[in-house]
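Q: Listed below, chain by chain, are the residues.
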Amino acid sequence: MKALRNGFSIIIMLILFGWAMSVFYYVSIDIVEFFKDPSRDYLFEVNIMPFIAFFIIGGFVAFLSFRHKKRNSKEFSKALWLPEEFAENDEREQLITARACRAAYISMLYAFPVITVLLLFYPFVSETIPYYPIIVFSLLPLTQILTYLISWQKNYG
Amino acid sequence: MEIKNRVRELRARHNLTQGELADDVDVTRQTIVTLEKGNYVPSLMLAMKIARIFKLPIEEIFYWEDDEV
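As you go down the protein sequences, you meet chains A and B in turn.
Residues in the first sequence are numbered consecutively from 125, following the numbering used here.
Residues in the second sequence are numbered consecutively from 52, following the numbering used here.
The hints are simulated quantities; they were obtained by calculation from the structure and are not laboratory data.
Take these hints with a grain of salt, some might be off.
Straight-line alpha carbon distances no greater than 35 Å define the calculated DSBU-like cross-link-like pairs of lysine-lysine that follow [to be verified]:
(1) B/K55 to B/K100
(2) B/K100 to A/K202
(3) A/K278 to B/K106
(4) B/K55 to B/K106
(5) A/K160 to B/K100
(6) B/K106 to B/K88
(7) B/K55 to B/K88
(8) A/K202 to B/K88
(9) A/K202 to A/K278
(10) B/K55 to A/K194
(11) A/K278 to B/K100
(12) A/K160 to B/K88
(13) B/K100 to B/K88
(14) A/K278 to B/K88
(15) A/K278 to A/K194
No experiment lies behind these values; they were computed from the predicted model shown.
Please model the entire structure based on the sequences and the hints provided.
A: This is how it looks when you write it as structure tokens:
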């Protein structure tokens with residue numbers, strides 16, 4: 125069940141990161157406007173709420189995950205870089221991971237064209253949702269992680 | 052055609068719990084559970100470890116469904 129818990133943590137962090145980047149998109153627009161009109165008295169305005177949420181929640185989740193991995197792994201680099209989902213305990217769990225990775229790879233092949241087509245709608249919504257590409261692009265890792273988790277859950281029991 | 056096994060029966064005969072057998076062959080208890088249910092076919096390595104615990108040849112523990120007596 126570690127994999128499921130960790131997978132959902134990653135999904136929450138991805139959503140928070142997407143939110144923070146969506147806000148940062150407005151910052152980029154502000155900066156561009158500033159360079160066009162340097163007489164303006166500010167460079168950019170930003171809502172720092174998503175950044176705070178990402179760094180506090182994300183930092184807390186990353187710390188918990190690292191501490192858990194460090195306890196179970198002798199190698200520091202593995203604990204730091206290897207996702208917790210890959211900390212298999214035996215051959216059956218390795219097989220489950222392999223199947224889940226296969227499913228996630230296949231999901232990418234289907235998600236990529238769908239996401240590319242969704243990007244074609246950007247000109248229609250660029251005024252109301254300027255950060256639309258960030259949301260759409262975030263769908264790719266979300267699709268893969270969800271597919272991984274569903275496959276993992278299906279094969280575990 | 053499926054591969055069946057007598058792990059549950061042999062484990063009971065040897066008075067081993069699923070956890071104890073799992074520790075002896077270095078896998079998780081969940082793996083022994085799925086193996087006994089017939090939902091998982093072990094690797095040759097794990098099959099040999101189990102055979103060594105029960106002191107039987109592999110083919111007396113794991114067999115084709117059709118060969119069932």
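Q: Do the alpha carbons of B/K100 and B/K88 lie within 35 Å of each other, as the hint requires?
A: Satisfied, since the Cα-Cα distance of roughly 19 Å is no more than 35 Å.
Q: Taking 35 Å as the top limit, are the C-alpha atoms of A/K160 and B/K88 close enough?
A: Outside the cut-off at roughly 70 Å; violated.
Q: Holds or violated: B/K106 with B/K88, Cα cutoff 35 Å?
A: holds, 22 Å
Q: Given the proposed pairing of B/K55 with A/K194, does the C-alpha separation stay at or below 35 Å?
A: violated, 39 Å
Q: Are the Cα atoms of A/K278 and B/K106 separated by 35 Å or less?
A: With Cα atoms ~34 Å apart, A/K278 and B/K106 stay inside 35 Å; holds.
Q: Do the alpha carbons of A/K160 and B/K100 lie within 35 Å of each other, as the hint requires?
A: violated, 73 Å
Q: Can you confirm whether the C-alpha distance between B/K55 and B/K106 stays at or below 35 Å?
A: holds, 18 Å
Q: For the pair supplied as a hint, A/K202 and A/K278, is the alpha-carbon distance within the 35 Å limit?
A: holds, 27 Å
Q: Would you check the hint for B/K100 and A/K202, treating anything up to 35 Å between C-alpha atoms as holding?
A: Given that 35 Å is the threshold and the Cα spacing comes to 28 Å, the pair holds.
Q: Check whether the Cα positions of B/K55 and B/K88 lie no farther apart than 35 Å.
A: holds, 9 Å
Q: Would the hint linking A/K278 and A/K194 be met if the CA-CA limit is 35 Å?
A: holds, 28 Å
Q: Compare the distance between the alpha carbons of A/K278 and B/K88 with 35 Å, and conclude whether the hinted pair is satisfied.
A: It holds: about 16 Å lies between the C-alpha atoms, which stays within 35 Å.
In summary, the structure is inconsistent with hints 5, 10 and 12 from the numbered list given earlier, while agreeing with the others.
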